[in-house]
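S.K.: Chains A and L, in that order, give the protein sequences.
Per UniProt numbering, the first sequence starts with residue 1, numbered consecutively.
Per UniProt numbering, the second sequence starts with residue 1, numbered consecutively.
In case anyone wonders, no lab produced these hints; they're calculated from the structure.
Bear in mind the structure is a predicted one, so any value in this text is a computation, not a measurement.
Note that beta-carbon positions come from the ideal geometry of N, C-alpha and C, so glycine has one too.
There's no promise every hint is true.
Label pairs and their computed distance ranges (CB to CB) [to be verified]: (1) Arg72(L) to Gly255(A): 18 to 28 Å; (2) Pro292(L) to Glu119(A): 49 to 59 Å; (3) Lys71(L) to Gln280(A): 34 to 44 Å; (4) Gly348(L) to Asp222(A): 55 to 65 Å; (5) Asp290(A) to Ala431(L): 28 to 38 Å; (6) Glu115(L) to Asp222(A): 29 to 39 Å; (7) Asp342(L) to Thr424(A): 35 to 45 Å; (8) Ala393(A) to Arg72(L): 51 to 61 Å; (9) Ala435(A) to Thr208(L): 54 to 64 Å.
2 protein chains.
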Amino acid sequence: MRKMRRKGLASMAVQTVATAKNVDLGPASALSCRECGERFELGPIFACELCFGPLEIAYDLPVGDPEGLRKRIEAGPANIWRYAPLLPVPEDVAGKPNLNPGWTKLVQADNLARELGVEPGKLFVKDDSGNPTHSFKDRVVAQALEAARAFGFTTLSCSSTGNLAGAVGAAAARAGFRSCVFIPHDLEQGKVVMAAVYGGDLVGIEGTYDDVNRFCSELIGDPLGEGWGFVNVNLRPYYAEGSKTLAYEICEQLGWRLPDQLVIPIASGSQLTKIDKGLQELIKLGLVEDKPYKIFGAQAEGCSPVSAAFKAGHDVVRPQKPNTIAKSLAIGNPADGPYVLDIARRTGGAVEDVDDAQVVDAIKLLARTEGIFAETAGGVTVGVTKKLIEAGALDPSLTTVVLNTGDGLKTLDAVAPTTGPTATIRPSLDAFRDAGLA
Amino acid sequence: MRKMRRKGLASMAVQTVATAKNVDLGPASALSCRECGERFELGPIFACELCFGPLEIAYDLPVGDPEGLRKRIEAGPANIWRYAPLLPVPEDVAGKPNLNPGWTKLVQADNLARELGVEPGKLFVKDDSGNPTHSFKDRVVAQALEAARAFGFTTLSCSSTGNLAGAVGAAAARAGFRSCVFIPHDLEQGKVVMAAVYGGDLVGIEGTYDDVNRFCSELIGDPLGEGWGFVNVNLRPYYAEGSKTLAYEICEQLGWRLPDQLVIPIASGSQLTKIDKGLQELIKLGLVEDKPYKIFGAQAEGCSPVSAAFKAGHDVVRPQKPNTIAKSLAIGNPADGPYVLDIARRTGGAVEDVDDAQVVDAIKLLARTEGIFAETAGGVTVGVTKKLIEAGALDPSLTTVVLNTGDGLKTLDAVAPTTGPTATIRPSLDAFRDAGLA
Numbered sequence: 001m002r003k004m005r006r007k008g009l010a011s012m013a014v015q016t017v018a019t020a021k022n023v024d025l026g027p028a029s030a031l032s033c034r035e036c037g038e039r040f041e042l043g044p045i046f047a048c049e050l051c052f053g054p055l056e057i058a059y060d061l062p063v064g065d066p067e068g069l070r071k072r073i074e075a076g077p078a079n080i081w082r083y084a085p086l087l088p089v090p091e092d093v094a095g096k097p098n099l100n101p102g103w104t105k106l107v108q109a110d111n112l113a114r115e116l117g118v119e120p121g122k123l124f125v126k127d128d129s130g131n132p133t134h135s136f137k138d139r140v141v142a143q144a145l146e147a148a149r150a151f152g153f154t155t156l157s158c159s160s161t162g163n164l165a166g167a168v169g170a171a172a173a174r175a176g177f178r179s180c181v182f183i184p185h186d187l188e189q190g191k192v193v194m195a196a197v198y199g200g201d202l203v204g205i206e207g208t209y210d211d212v213n214r215f216c217s218e219l220i221g222d223p224l225g226e227g228w229g230f231v232n233v234n235l236r237p238y239y240a241e242g243s244k245t246l247a248y249e250i251c252e253q254l255g256w257r258l259p260d261q262l263v264i265p266i267a268s269g270s271q272l273t274k275i276d277k278g279l280q281e282l283i284k285l286g287l288v289e290d291k292p293y294k295i296f297g298a299q300a301e302g303c304s305p306v307s308a309a310f311k312a313g314h315d316v317v318r319p320q321k322p323n324t325i326a327k328s329l330a331i332g333n334p335a336d337g338p339y340v341l342d343i344a345r346r347t348g349g350a351v352e353d354v355d356d357a358q359v360v361d362a363i364k365l366l367a368r369t370e371g372i373f374a375e376t377a378g379g380v381t382v383g384v385t386k387k388l389i390e391a392g393a394l395d396p397s398l399t400t401v402v403l404n405t406g407d408g409l410k411t412l413d414a415v416a417p418t419t420g421p422t423a424t425i426r427p428s429l430d431a432f433r434d435a436g437l438a
Numbered sequence: 001m002r003k004m005r006r007k008g009l010a011s012m013a014v015q016t017v018a019t020a021k022n023v024d025l026g027p028a029s030a031l032s033c034r035e036c037g038e039r040f041e042l043g044p045i046f047a048c049e050l051c052f053g054p055l056e057i058a059y060d061l062p063v064g065d066p067e068g069l070r071k072r073i074e075a076g077p078a079n080i081w082r083y084a085p086l087l088p089v090p091e092d093v094a095g096k097p098n099l100n101p102g103w104t105k106l107v108q109a110d111n112l113a114r115e116l117g118v119e120p121g122k123l124f125v126k127d128d129s130g131n132p133t134h135s136f137k138d139r140v141v142a143q144a145l146e147a148a149r150a151f152g153f154t155t156l157s158c159s160s161t162g163n164l165a166g167a168v169g170a171a172a173a174r175a176g177f178r179s180c181v182f183i184p185h186d187l188e189q190g191k192v193v194m195a196a197v198y199g200g201d202l203v204g205i206e207g208t209y210d211d212v213n214r215f216c217s218e219l220i221g222d223p224l225g226e227g228w229g230f231v232n233v234n235l236r237p238y239y240a241e242g243s244k245t246l247a248y249e250i251c252e253q254l255g256w257r258l259p260d261q262l263v264i265p266i267a268s269g270s271q272l273t274k275i276d277k278g279l280q281e282l283i284k285l286g287l288v289e290d291k292p293y294k295i296f297g298a299q300a301e302g303c304s305p306v307s308a309a310f311k312a313g314h315d316v317v318r319p320q321k322p323n324t325i326a327k328s329l330a331i332g333n334p335a336d337g338p339y340v341l342d343i344a345r346r347t348g349g350a351v352e353d354v355d356d357a358q359v360v361d362a363i364k365l366l367a368r369t370e371g372i373f374a375e376t377a378g379g380v381t382v383g384v385t386k387k388l389i390e391a392g393a394l395d396p397s398l399t400t401v402v403l404n405t406g407d408g409l410k411t412l413d414a415v416a417p418t419t420g421p422t423a424t425i426r427p428s429l430d431a432f433r434d435a436g437l438a
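Take these sequences, add in the hints, and give me the full structure.
M.R.: Here you go:
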C-alpha cells in the first residue's frame, strides 16, 4: 500500500487541475496528514509529501452556536446535504445534480432485540440499503463527486468488485460526468449488469482485484488518466468523509443523542474511523451531550485481520488472503486497520468476527425479525452483535446501533442454497391441508 | 373475476372477525360500492352484496382547514404516515411496527428531459425503488397490514410472482404477523429467495399464476383460511388505498401543486385509479389549487388490453394472454381497466404501450441519464413517455411526472443480454491505450 501511495502522490502533484485558491468546498480548509499533522492545500492528493501518511480533511467548523446549527440542519433536505456545513462540499450542494443519498431509516429493532436479549427500545438498525443504489457507497461517492467537480475532473472512476461500481456509475450519470469503472473480468453477470447499466465505460481487467488496483494506480500516474477522479484513490480524503454522515444521522435520529454502542463493519476500516470522527465533531459542536460510547468493529472470519490483531493485542494488522462470502468486506490488508484498533481500544469496544455460516444465519435472523434483507456485510454486523452479547462484551441494556451497509438483493447467492419454499403442492385444499401449514 | 368475487364475498361474510363497531381505521367510515354506491360496514369484504361491484373506502375527511391540515402533514414522519388523516389507518399508526414506506424521491430529471425534448425543470421521476423492499407494493401492503391488525387477522397472505411476495413477507416479519405466500412453483430462484428470506411460509403451487389465484380464492372461502388476510383479495379495498400516497407525495414534493401530466403503469389498473382519487381528494381538501391534469396509462405491448381498448374507443377491456418481459404489469384481465379508460378519457390523457425492446431501451435511457436503475415497469412508463412526446400526445412544455414503481435489481434478466463491459483488457497501460477509452 505504501509503495502505491508514494507513486500516486508523486504523479498527482503534476496532475492537480485546481488548487485551494479557486476551490470552494465549504468548511473544508486544508488537507492534514493523519500521521505528522502537516497541512496541504485542498487538491486531489491523498498521501503526505513528508511522511506518506494518509491525508484527511481539516475544517473550519461552525462552532459556538449549536442551537442555530441544529435548526439549520433540521430545516435542510432529507438527505446528507442537511449536514453540508460539516462536509467538504459547497454551501449550495443540495441544488447540484447528484443522487442525494442518506437520511436512511434508523429502525427500532424490537423483534431482533427480543431474540438477542436486548432491552426493548434499545436496539436500532441503521439501514443503508435505502440509499439510491442500495449501499452506503452512495454517501462516499457523493462527496467524491463534489470534489471532482471542484477540481475540474470530467471522468469519475474507481476499481470495484460490486457496490462501488454501481454507485459511481449512477452518480456520474446523474451529474453528467463520464465514468470509467474497472472490474475483474470474471465477475458474476449480475454484478456486471449493475455496473454497466448506467451507461459509463466498464472495463474488465484480466486479473484479480489486486491487479485491477495496481492498474488503476498506474493509470493515475500516467497522462492517460489526466482529468480522472478516482473516487477511492486521488479523491479518497473527500470520499471517506461521506461516512461521517452515518454518525450525524444516527445521532439526529436518536433525538440528538449519542448511542452507547455501535457495531460497524470493517472493510478498509475507513467507515469506522470516520463515524468516530463524526461523533467527535458532534460533541465539539455541542450538538450532542458528551458521554462515553463504545465502537465495535465487525469482520468475517475469512477476512479478519483487524479482529485477529485486536485479539492478539497487536497495534499492527497482518494482511490476510480473503476467503469469505462477505465480499464487500474482503480487504485483506485494510489501510485503516491500525486506526480501527486505536478506536476500539480507546472507546472500550472490541473487534470480533463471525464465520460464513453465522453470516447467513444473521442475514436470515434480521430478515425474519425486522423485514430487512441485508447483504452479507449486514449479516456480519448482526452476527457479531449476537456474538458480542453472548460473550458479555456488548451490554444489552444500553442503546446500540448496528449498521446494515447494503442490500440482500446484491448478494442473493449467500442465502439462496438454504432459502426456498416451505412446501410445494398441487393447487387443492386437500394438498394444502396435508402440508400442515393452515 | 366476477365469479371469484361472488364466491369470496359469500364466504367472507362468515369469516369477518371484526366489524365497524370495534374497528378504528381513522377517517375511513364505510365501504362503498364503486358501481351502485351501496355502503357497508368496514370489514374484510371486497365486493358489493347487491351488484358485485368492487368496494372502496368512504371517508370522513378533515375538510375546512387546509392550512392546519398542511401543517400537520408537513410536521409528520418522512413516510406515508404523514398522510394518516387521509388513509384508512388509526391515528397512531406511525408508532405501530411496520416498514414505514413512502416519501420516496421525486427526481427532477433534467438529463432525461433533454433527451426527450422536455423543457428543463419540467420532467420528474417519482422513484419508488427507494421503498423498503424496493417497489411501490410496500405502500399498499402497509395499508393492508393495518386493516389486518384492525380485523384481528394473524396471518398475512397473497398470491404473487414477485414484488408483492417480498413486500408481504417483510411487512409481516416487522409487524409480528405470520405470513404465508403462494407462488407458482417454477419461479426463478432469485424471486423465490426474495420471497422466502423473511422467514414466513412460502408455498409453491404446481400450476400457473392463474392456478395460484384460483387456489387462493378457494382458501379464502374455506375454514382452512380462517384468520387470514389476503392483502390483494379480502383486504383489497384497504390495500388499494396505499396508491393514493403516491399522489399526495408528488403534489407535496412539487410544493403542494398538481402536476400537469402523469404517466402511470397499468397492471390491474388500481394504482392509476387511486392516484386519480388522491389528486381529487387534495383538490377537495384545498391542499392544491384546482386545475386540469392529464393521466396517461402505460402498458407493455405484450400485455396491452387497456391500451388496445383505449385506441379502439371501447369502454370494456378484452382480456389478453400476457407475453412480455414486464412481468409485474402482466395482468391480462385488469380488474380496473374500465375505470382507467374513464380516467384517461375524462382527463384528456391516453393509454399507450411499448414493445419489449423499447422497454429495455427505456430502462437504459433512464439509467444513463439519471442514474436510476428501474425494473421493467419503469422501462414501460419511460418508454411510453418518449412515445407520447414523439406523437405529440404529451406536451413537453408542461410539468410531467413519470412513475418508476420498482427496482432494476429485481429484473436483471431484462437488460443482462445487452449490458456488459465496454472492453476487457490486460492490466497494462498499453492495452488500455489500445482500447481507445482514455
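S.K.: Now, for every hint given, state plainly whether the structure supports it.
M.R.: Cross-check of the supplied hints:
no., hint, result
1, Arg72(L) to Gly255(A): 18 to 28 Å, "holds (21 Å)"
2, Pro292(L) to Glu119(A): 49 to 59 Å, "holds (55 Å)"
3, Lys71(L) to Gln280(A): 34 to 44 Å, "holds (37 Å)"
4, Gly348(L) to Asp222(A): 55 to 65 Å, "holds (58 Å)"
5, Asp290(A) to Ala431(L): 28 to 38 Å, "violated (54 Å)"
6, Glu115(L) to Asp222(A): 29 to 39 Å, "holds (33 Å)"
7, Asp342(L) to Thr424(A): 35 to 45 Å, "holds (41 Å)"
8, Ala393(A) to Arg72(L): 51 to 61 Å, "violated (45 Å)"
9, Ala435(A) to Thr208(L): 54 to 64 Å, "violated (20 Å)"
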